[in-house]
Amino acid sequence: MKEHTPFALERLNENTLIIQFTGDDASPPTEAVARLWAVIDQQIGHQLRNAVPASCSLLLEFELEGAHLNQILQQIQGILAGFESTPQEGYFPANQHVIPVYYHRSVAPDLHYVAESHNLSIEAVIDLHTSTTYTVEAVGFVPGFAYMGSVPPTIATPRQATPRTRVETGSVGIAENQTGIYPRPSPGGWNIIGLTPTQVLHPLNQCINPADACVFKTGDRVQFRSISCAEFEHLHEESGQ
Amino acid sequence: MTPSQLSTTKTTEGRAHLNKAGPLTLLQDRGRQGSQILGICTSGAADAYAFAWSNTLLGNQENAAALEISLGPFEVSFDSSTRIALCGAECGATLNGKKIIPWSSHKVKPGDTLRLSMASSGLRIYLAIAGGFLCNHIFSSCAQLSNDGKNLSLQNADQLHYQPVENITPCRNVHWQAIPDYTTTLELNLYPCYQFLHFEKNEILKLLSDDYRIGVDSNRMGYRLEGQNVNWHRKGIVSEGIAFGSVQIPPNGQPIVLLNDRQTIGGYPKVGCIAAADCYQLAQRRPGQKVTFKRASLPSVTLTEGNRL
Chain A
320 MKEHTPFALE
330 RLNENTLIIQ
340 FTGDDASPPT
350 EAVARLWAVI
360 DQQIGHQLRN
370 AVPASCSLLL
380 EFELEGAHLN
390 QILQQIQGIL
400 AGFESTPQEG
410 YFPANQHVIP
420 VYYHRSVAPD
430 LHYVAESHNL
440 SIEAVIDLHT
450 STTYTVEAVG
460 FVPGFAYMGS
470 VPPTIATPRQ
480 ATPRTRVETG
490 SVGIAENQTG
500 IYPRPSPGGW
510 NIIGLTPTQV
520 LHPLNQCINP
530 ADACVFKTGD
540 RVQFRSISCA
550 EFEHLHEESG
560 Q
Chain B
15 MTPSQLSTTK
25 TTEGRAHLNK
35 AGPLTLLQDR
45 GRQGSQILGI
55 CTSGAADAYA
65 FAWSNTLLGN
75 QENAAALEIS
85 LGPFEVSFDS
95 STRIALCGAE
105 CGATLNGKKI
115 IPWSSHKVKP
125 GDTLRLSMAS
135 SGLRIYLAIA
145 GGFLCNHIFS
155 SCAQLSNDGK
165 NLSLQNADQL
175 HYQPVENITP
185 CRNVHWQAIP
195 DYTTTLELNL
205 YPCYQFLHFE
215 KNEILKLLSD
225 DYRIGVDSNR
235 MGYRLEGQNV
245 NWHRKGIVSE
255 GIAFGSVQIP
265 PNGQPIVLLN
275 DRQTIGGYPK
285 VGCIAAADCY
295 QLAQRRPGQK
305 VTFKRASLPS
315 VTLTEGNRL
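So the sequence lines, in the order shown, correspond to chains A and B.
Everything in the first sequence is counted per the numbering used here, starting at 320 for the first residue and increasing by one.
Everything in the second sequence is counted per the numbering used here, starting at 15 for the first residue and increasing by one.
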């Protein structure tokens with residue numbers, strides 16, 4: 320038995336709640352957040368208007384106000400009370416992704432900078448980036464952008480002082496101890512170390528269920544795999560981008 | 015955006031031709047469902063109060079698609095008979111050159127033209143039509159979305175579609191007591207939450223005692239307020255979901271009230287949330303107008319230990 324409640328429930332406004340998990344910077348409780356979100360979605364998802372699972376918190380916005388909120392609060396308290404006894408592993412399995420990446424200066428303007436600033440070879444940066452399994456800690460900033468943690472401290476790199484006005488679709492970047500993939504061309508300050516042919520966000524106007532639009536969801540596990548130029552071109556053609 | 019994206023045309027449908035679309039005119043309803051998990055804002059009518067009245071006046075469903083017209087000027091012609099309702103900002107509306115009463119519904123005949131001048135008080139005008147404008151939905155909302163997740167603004171010469179009605183329903187209007195005055199200093203009811211307790215008391219007192227002026231960079235994403243700095247003395251917070259009406263305190267100490275088009279997650283501390291009804295009123299205010307903050311409590315619900323488990 321734990322000595323303290325691992326989460327706090329707070330009401331933010333007329334129809335929004337946030338559940339905060341305790342955790343520390345080194346190991347954010349993202350998997351517990353994702354697991355709780357899966358349980359809540361399954362049991363009361365139809366009463367939800369929006370949910371935002373992030374690394375340490377789960378925001379829930381409801382369609383209903385006033386009297387109905389009491390009922391929803393009771394349901395959530397019930398879910399929270401039973402949450403610690405739900406199976407920790409395998410009950411709501413996170414998706415596992417392997418993302419092919421072409422690591423080369425022709426498509427990755429900051430690959431050399433990241434290597435140089437850590438006194439590493441390009442090969443060492445690639446090895447370090449591909450040898451870690453990352454957890455999706457949150458999705459946001461631009462549609463479908465997944466914040467993944469944590470990169471090995473030896474390649475963690477601060478954001479660029481001046482963000483680029485355009486970063487290409489599929490660019491794989493590092494900012495501090497997180498890594499991520501740009502789903503669409505956008506301005507951005509992450510250090511770009513590679514390019515993936517994988518399409519991470521589907522056309523929004525063709526999506527019926529928002530959750531299906533993005534390849535990643537909070538709590539998913541991601542591994543990167545280094546590919547050659549030829550393989551990149553082959554996969555890129557296949558993905559039809 | 016081409017008109018074909020707005021709806022599939024049938025010959026029986028009425029068409030509204032936007033002769034002058036204005037600087038920012040959006041198809042809106044109560045917003046997208048479930049899109050925040052992708053990092054896409056909810057969108058929806060910025061002033062949900064005026065939006066709701068515009069549909070109510072016509073007996074429409076509460077989520078019927080209406081136009082949110084910011085500032086004006088704006089001009090639209092209708093090729094089939096229908097009824098329309100206008101609520102929100104005061105904009106000197108005329109139908110075929112004749113002045114029409116705001117916050118009321120009106121009959122429209124084929125060939126009629128509605129003109130709105132630049133708004134004289136308030137910012138956003140809601141134009142609803144009987145049955146709602148016909149359009150495609152993305153994530154259960156009519157709010158049109160570009161591929162990078164931004165709202166698409168209507169352009170000159172765009173056409174909107176509607177189901178014509180030959181109606182005998184009398185025109186209706188909103189009781190004068192229910193019509194807001196957008197020229198007054200707005201009091202924002204602040205629910206203490208998020209990092210409220212982690213701000214030093216002195217900083218909270220500054221926020222609650224000073225007048226704030228609405229900054230020029232205010233928009234549907236957020237309203238930037240200018241006044242005494244509210245300082246945050248701790249280190250950064252872990253990024254978390256941002257609720258409607260959150261009052262974010264960036265490093266310069268000038269509060270930002272986050273509205274419909276806000277980013278879904280963020281790492282700046284937040285001093286609390288503004289009551290939804292006040293957010294709707296805020297969205298009708300203009301740069302330079304004043305607001306004040308007042309500490310408020312949420313309507314009571316059963317929660318243990320003063321809102322915390």
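Be careful, since some hints might not be right.
Quick list of the computed label-pair ranges, beta carbon to beta carbon [said to hold, decoys possible]:
hint : chain 1 : residue 1 : chain 2 : residue 2 : range
1    : A       : Gln390    : B       : Gly111    : 34 to 42 Å
2    : B       : Pro37     : A       : Glu435    : 42 to 50 Å
3    : B       : Asn243    : A       : Asn389    : 33 to 41 Å
4    : B       : Gly281    : A       : Ser425    : 28 to 36 Å
5    : A       : Pro325    : B       : Leu219    : 28 to 36 Å
The set of hints was computed from the structure by calculation and includes no laboratory data.
The C-beta atom is built at its ideal place from N, Cα and C for all residues, glycine as well.
Quiz item: Can you list which hints this structure breaks, lowest number first?
Solution: Going through the list in order, the structure violates hint 1 alone and respects the others.
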